Each structure stands twice: as structure tokens, then as C-alpha cells.
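Engineer: Residues per chain, in single letters:
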Amino acid sequence: EVQLVESGGGLIQPGGSLKLSCAASEFTVSSNYMSWVRQAPGKGLEWVSAVYSGGTTFYADSVQGRFTIFRDNLKNSLYLQMDSLRAEDTAVYYCVGEYSSSSGLYWGQGTQVTVSS
Amino acid sequence: QAVVTQEPSVTVSPGGTVTLTCGSATEDVTSSHYTRWFQQKPGQAPRTLIHDTTKRHSWTPDRFSGSLLGGKAALTLSGAQPEDEAEYYCLLSFTDSWGGEFGGGTKLTVL
Chain A
1 EVQLVESGGG LIQPGGSLKL SCAASEFTVS SNYMSWVRQA PGKGLEWVSA VYSGGTTFYA
61 DSVQGRFTIF RDNLKNSLYL QMDSLRAEDT AVYYCVGEYS SSSGLYWGQG TQVTVSS
Chain B
1001 QAVVTQEPSV TVSPGGTVTL TCGSATEDVT SSHYTRWFQQ KPGQAPRTLI HDTTKRHSWT
1061 PDRFSGSLLG GKAALTLSGA QPEDEAEYYC LLSFTDSWGG EFGGGTKLTV L
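Line order of the protein sequences matches chains A and B. First residue of the first sequence? That's 1 in the numbering used here, and the numbers climb one at a time after it. First residue of the second sequence? That's 1001 in the numbering used here, and the numbers climb one at a time after it.
Since the hints were derived computationally from the structure, they do not count as laboratory data. The structure displayed is predicted, hence computed values, not measured ones. Check the hints yourself; a few may be wrong.
Negatives, chain A to chain B, calculated, CB over 10 Å [claimed, not checked]:
#1 L11
#2 S17
#3 K19
#4 S21
#5 A23
#6 E46
#7 R66
#8 L74
#9 D83
#10 R86
#11 S101
#12 S102
#13 S103
#14 G104
#15 Q109
#16 S117
Subject to a maximum C-alpha distance of 20 Å in a straight line, what follows is the list of computed EDC-like cross-link-like pairs (lysine to aspartate or glutamate) [claimed, not checked]:
#17 K1055(B) - E1(A)
#18 K1041(B) - E1087(B)
#19 K75(A) - E26(A)
#20 K75(A) - E1(A)
#21 K75(A) - E98(A)
#22 K1107(B) - E1085(B)
#23 K1041(B) - D1084(B)
#24 K43(A) - D61(A)
#25 K43(A) - E1087(B)
#26 K1107(B) - E1083(B)
#27 K1055(B) - E98(A)
#28 K43(A) - E1085(B)
#29 K1041(B) - E88(A)
#30 K43(A) - D1052(B)
#31 K1072(B) - D1052(B)
#32 K43(A) - E88(A)
#33 K1107(B) - E46(A)
#34 K43(A) - E1027(B)
#35 K1072(B) - E1027(B)
#36 K1072(B) - E1087(B)
#37 K1041(B) - D1096(B)
Glycine included, each C-beta is placed from N, C-alpha and C at the ideal position.
Isolated chain B, as found in the complex (with noise of 0.2 Å):
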């Protein structure tokens, strides 16, 4: 079974910009990984940011931009807000894995 890792925590200035990871264990991160990017808050429903790696929500602010960095999923967020203060999680797809494996989630917190 995979493992699907991510930075416990992260902080970054208001105005700043922030790189968050997602990782596998066993294997490069690469675009058939199909990976999705949720955005939690307190007390909330999870909501998709990133879909498919890159492409954003209809919802989702552009400021928020989906890549990948080094054999890892990145999520990168360009002028944090207070407002992105959340929990982030990741998804990948795998071939032997119905629905794929969540990541852990980084709680970011804009400070």
C-alpha cells in the first residue's frame, strides 16, 4: 500500500508565497498520479482546489497553482491570505489502489 506524505505544518507570511508537498513512498510523483488538492477548514467540508495536477476549480482562486516539483506533487499558493489559513490535502491516483491514498494533510497557517 502507498504512503502519501506531507508537511505536518507549514507557515507563511500574509502576502508571502508557500510551496506545500505531496509525496510517495514508492515512487516518483508523476502527471498519471492525477493528483487532487483539497482545502479544509475548521469545523468545514473539505473542497477541491486542484484537479488532474495543475487545472483549478471553477472556485478556486488563481492564486492557488498545482504542479509538479522534483518527483513530488506541489501546491503552491502565490500572496496567502488569511483567509487560506486550512487544512490541505493531497490525493493520488494508483493503479492498484481503488479511490487512490490521501495524504496526511499540512495545516498552514498564515502568520
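So here's chain A without its partners, still in its complex pose (with noise of 0.2 Å):
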């Protein structure tokens, strides 16, 4: 069964940087398509970040230039830098894989970003 579990959450004051961790089982996080979405309290879903199997990266606008995405192939892990934090970046953040942009997404448990004074 594939899990994947978010880690590294937690309170940070506006300015500060946070490092998110996702490690993978049972899914191959280097051959596979791995990206960060993240829900702001009582909002919808967003993307925030990806990389494909190749390496190509994509980010959202609005974290552009603060944030980065990474992995780790021999831990099988995903990661995300998140430098020069603001209030709006406060959300649950979810790691997700998927094979394809045909097949199903698979959901970390979230782990809870609070960017606060």
C-alpha cells in the first residue's frame, strides 16, 4: 500500500523558513510525478509545487522564488524549502504522487503550516 507521510510543519513567525519532509513507501518518489498542494483554513485545494521523474520543476505564482522543491532519491523522500514565509502561506500542505497525469493521485496525511507573530 503507498503512504506517503508530511513532517516539519509547524509555527513560524513571517520571515522565517520551514523545511517540509515527505517520505514515500511502497512508491518510487525519484520515477514518479511528486508535488505539494496545500488548503488554507476553510479554502479549496491548491498546487504549490511539483517535479516531474526527469527533474523539470514547477512552481505557483505566488510562491515563485521562496520556496523549493527537492528529493532525495536514496531516502526516498520529497521536500520543500520554504524561505521568506507570509501570513497567506498558512495551510495544511499535502504531499501527493502519481504515476501519470491519466492515473490516481496519492495523499499524505497534511501536515499544518501556521506563519504567525
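From these two lone chains plus the hints, build me the complex, please.
Structural biologist: Shown next, in the form of C-alpha cells:
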């Protein structure tokens, strides 16, 4: 059974940094499409960032230049380095994996990020 | 940027049948959009119900089905159960949008 387990969330002051981690089992991070999706309180789902199997990365305009997505193939894990955090980055962040654009998505349980002074 | 539309809220009676739709503001939804449907219950992560427009995931009950209907993607629930009360999101793939576009979600009430 595919499992994606996030960690690293927490309470951080505006302007601070956090690194989210996503450990995968029964799913190979390096050979599939991995992404981060967030959900602000009471709101819908929003793409944050993604990385293709070949290494190409994508970012939402709202996080471009502040967030960096990367993976560790040996640890079979995905990461999101978040810098210059803002109050509007407050959300639950989900790690998501998929085999292809037509396949189902596998979701982690989410990790809460709260940006507040 | 494509806008994906869903009904904000829908109510169905227990045992009843309901169809949720997912449309695009810019074009008809076709099989090329590889529609996915997700169910999210309060305090839980989303989970995939349907992918590639019509295909159920391994854990998806048979009472859920996906289709195309009148230029939109559709999720039909036949024989609604109390545990089906949740938020439902669709996701459409577009060639010019990495990841695709999420709909705003439909809150389904079973009452």
C-alpha cells in the first residue's frame, strides 16, 4: 500500500523558514510525478510545487522564488524548503504522488504550517 | 488560466442518487482532461475516488461513478449513504497548466 508521510510543519514567524519532508513507501519518488498541494483554512486545494521524474520543477506564482522543491532518491523522500514565509502561506500542506497525468493521486495526511507573529 | 466550476453545495436524501458536475469556463470537458475526483471529509486528507474520467480507485465503492455529461465531467452517487457526506473536488488537466486546475469543491450533504 502506498504511503506518503509528511513532517516538518509548525508555527513560524513571518519572514522565517521551514522545511517540509515527505517520506514515501511502496512508491518511488524519483520515477514518478511528485507535488505539494496546500489548503488554507476553510478553502479549497491549491497547487504549490511539483517535480517531474526527469527533474523539471514547477511553482505556483505565489511561491516562485521563495519555495524550493527537491527530492532525495536514496531516502525516497520529497522536500519543500519554504523561505520568506508570509501569513498567506498558512495552510495544511499535502504531499501528493502520481504515476501519470491520467492516474489517481496518492495523498499524504498533511502537515500544518502556521505563519504568525 | 482555466477556471474550473463546481456546484458549491448539493443535498441528497439517504438512498438517493445525485450528480455533481465539473466544468471549464474556457472549453468543453473531454476525456483529454483526464478528470479526477476526490473526496475530503472534515479533518482528513483528500482521497482519490475517480481518475481518468471514469476509473474507480481500488478503494472506491461501486456506488460512485464518473462520466462526461453535456460538456462537463460528472460524478454520480447512486444510493447515498450518510458516510458520503463530504467535500468533493475535481481536477482537470490542461496542456498549458502544470498539474491541472482544481475546482472549488462541492459540499455534499446527505439529509
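Engineer: Each of the hints needs a verdict: does it hold here or not?
Structural biologist: Going down the list of hints, with the structure as the test:
1. L11: 19 Å, holds
2. S17: It holds; S17(A) is separated from chain B by about 24 Å at its closest Cβ, greater than 10 Å.
3. K19: 20 Å, holds
4. S21: It holds; S21(A) is separated from chain B by about 16 Å at its closest Cβ, greater than 10 Å.
5. A23: Given that every Cβ of chain B is farther than 10 Å from that of A23(A), nearest at about 15 Å, it holds.
6. E46: The claim breaks: E46(A) does not keep its Cβ more than 10 Å from every Cβ of chain B (closest is about 7 Å).
7. R66: 18 Å, holds
8. L74: L74(A) clear of chain B: closest Cβ-Cβ about 26 Å, beyond 10 Å.
9. D83: 21 Å, holds
10. R86: 21 Å, holds
11. S101: The claim breaks: S101(A) does not keep its Cβ more than 10 Å from every Cβ of chain B (closest is about 5 Å).
12. S102: 4 Å, violated
13. S103: S103(A) is in fact no farther than 10 Å from some Cβ atom of chain B, at 6 Å.
14. G104: 4 Å, violated
15. Q109: Nearest chain B Cβ is 5 Å from Q109(A), so the label is violated.
16. S117: 26 Å, holds
17. K1055(B) - E1(A): With Cα atoms ~19 Å apart, K1055(B) and E1(A) stay inside 20 Å; holds.
18. K1041(B) - E1087(B): Roughly 6 Å between the alpha carbons, so the hint for K1041(B) and E1087(B) holds.
19. K75(A) - E26(A): Since the Cα atoms of K75(A) and E26(A) sit roughly 13 Å apart, the hinted pair holds (cutoff 20 Å).
20. K75(A) - E1(A): Distance of about 18 Å is within 20 Å: holds.
21. K75(A) - E98(A): Since the Cα atoms of K75(A) and E98(A) sit roughly 18 Å apart, the hinted pair holds (cutoff 20 Å).
22. K1107(B) - E1085(B): 8 Å, holds
23. K1041(B) - D1084(B): 9 Å, holds
24. K43(A) - D61(A): 18 Å, holds
25. K43(A) - E1087(B): At roughly 11 Å apart (the allowed maximum being 20 Å), E1087(B) and K43(A) satisfy the hint.
26. K1107(B) - E1083(B): 13 Å, holds
27. K1055(B) - E98(A): Between K1055(B) and E98(A) the Cα gap is close to 15 Å, so the pair holds against 20 Å.
28. K43(A) - E1085(B): Roughly 17 Å separates the two Cα atoms, so the pair holds.
29. K1041(B) - E88(A): 23 Å, violated
30. K43(A) - D1052(B): Roughly 25 Å separates the two Cα atoms, so the pair is violated.
31. K1072(B) - D1052(B): 14 Å, holds
32. K43(A) - E88(A): 12 Å, holds
33. K1107(B) - E46(A): With a Cα-Cα distance of about 17 Å, the restraint between K1107(B) and E46(A) holds, given a limit of 20 Å.
34. K43(A) - E1027(B): 25 Å, violated
35. K1072(B) - E1027(B): 9 Å, holds
36. K1072(B) - E1087(B): 19 Å, holds
37. K1041(B) - D1096(B): The given pair, whose Cα atoms are some 31 Å apart, is violated under the 20 Å limit.
In this structure, the hints that do not hold are numbers 6, 11, 12, 13, 14, 15, 29, 30, 34 and 37, in rising order.
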